[in-house]
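With the hints as constraints, model all of the structure from the sequences given.
From first to last, the protein sequence lines are chains P and D.
The first sequence begins at 1 in my numbering and counts up one residue at a time.
The second sequence begins at 1 in my numbering and counts up one residue at a time.
Simulated from the structure, these hints should not be mistaken for lab results.
You can take every hint at face value.
Sample of chain D residues lacking proximity to chain P, with all beta carbon distances greater than 10 Å (derived):
{"#": "1", "residue": "Ser15"}
{"#": "2", "residue": "Asp17"}
{"#": "3", "residue": "Asp18"}
{"#": "4", "residue": "Ile39"}
{"#": "5", "residue": "Lys102"}
{"#": "6", "residue": "Gln151"}
Pairs of lysine-lysine residues, derived as BS3-like cross-links and limited to a Cα-Cα distance of at most 30 Å, are as follows:
{"#": "7", "chain 1": "P", "residue 1": "Lys158", "chain 2": "D", "residue 2": "Lys36"}
{"#": "8", "chain 1": "D", "residue 1": "Lys36", "chain 2": "P", "residue 2": "Lys27"}
{"#": "9", "chain 1": "D", "residue 1": "Lys161", "chain 2": "D", "residue 2": "Lys4"}
{"#": "10", "chain 1": "D", "residue 1": "Lys102", "chain 2": "D", "residue 2": "Lys161"}
{"#": "11", "chain 1": "P", "residue 1": "Lys141", "chain 2": "P", "residue 2": "Lys54"}
Virtual Cβ for every residue (Gly too), placed ideally from N, Cα, C.
What follows is the residue order along each chain.
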Amino acid sequence: MKNFLLIICSMFLLMSFISVKEEYFPKPHYPIADQNSPIVSLGRELFHDPILSKDSTISCASCHSQYNAFAHSDHALSHGIADRIGIRNAPALINLAWSESFMWDGASFSLEAQVLTPLTAHHEMDNSLDTILRRLNNHPKYSHLVQQAFGETPILTKHLLKAIASYESTLISRNSRYDSMRMHLVEFTEQEQKGYTLFKQHCNRCHTEPLFTNGQFANTALPMDTSLNDMGRYRITQDSAHIRHFKIPTLRNLLYSFPYMHDGRFKRLRDVLNHYAEGINMHDEHRSIEKPFTLRSHDITDLMSFLHALTDRTFIFNPQFSMRNAK
Amino acid sequence: MIGKNHITLNTPINSLDDTLRITACKMYISIPSSTKQIIHVLDIEETLTCSIPDEAETVIFGIDSMHTVNTDFTDALDPIHGMFWTWNSGYINVKIEGISRKSIQNGNIFQIHLGGYLSPYSTAFSIRIPRKAPIRMEVDLGPSIQTVLKQYGGTVMSPGKAGHELMTILQRSITIVE
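Here it is in structure tokens:
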């Protein structure tokens, strides 16, 4: 009798874990593809293949490397074919299925539409859609993979966009210490807990849990970089309320996704926190942060300890995300 | 058309106190329907004719915001037609390019790319059509081209106020002839 009760109890516990797990993440906006599906394999292949760039030297992964949480660490501003320098820092690609707009200024309205931008941008891959489709259609591997994934050929724009977006939808990170804490599997240290409290007080309204972004745009009152003069969201909406507003980035896997901000100006996480504590540009009338946050040096250390708890090594090292036949 | 002159691609037209050549002219026409919206891309290089179902009461110039955001990138909506802004997501509803003596651009070119699906500068508009087919619509490009040359230095290629204004001018330049 006792044994029987124990089994029931443990089943109950297990079930409650599962339901908690589903509860704290909202519903995704884009359907999450099955990681083992032929569409995702095709997308993964394309994401890593320089065939997509004009001179066949650069793939999506050149700027979005898994070991940098799919961001880029060598340069502050992105680096395209023929050493052309872009105007912005490549963002990390994490939990994109929950996002409703893409790019620092929200220029792209969907994960599929976004794919078109790097393919044709002059300072990125600088290719034309005709050329890409012709190359893929002449490539026996891709004809085969597209046939497997979609049951039809020739390869059309929609196949290319759908496959890459489906692969990107699987880049999910929800296995950090923070997530274990949410699932009651671990408890935060005192320092992490202090940092978490400060986080909820100052940061959560923009970097909202559990995605650590509310999907909106804001102006963090960075001192202006007059050489770039990037107007952010204003470029898209031409509404002066959006001047220098940028997409609020997720804070998951920050340890890997340096440098930080839309122009990659900060190399260290501590530099970002110092900005919030003492760098707020009070002359920017379009800023979303009224005045610097009161954060003393030990508060910053506590916050850092909390932000470290957002690191998910299973994401950074997930072999499913990288090329199957990679060395 | 430009003024009273029909346009032929790459052929000089004397009008507007100028000698103009049109090198490209493409536009989107959407036809709302109870089932799936029918979308055509009309290109002066191919055809400026499309079929409209008998029950249609309006046609939309351009792609409305709902069909932009929910595009499946197939057929007329395939970006391969060169009518999708990759840097800014969204379709170019009307594309007019040509050469004019009055343009201050390199090679005297002018380029009008009208689009944008976000309010308040969305550019798709609908017009009522008579019930009986066939119908013929004439669009006078003259006023739009004049405005772009006079006020915008020969090019408007992004969504916003200028594009919206030009689309309004274009809208006023449409006549339906039976």
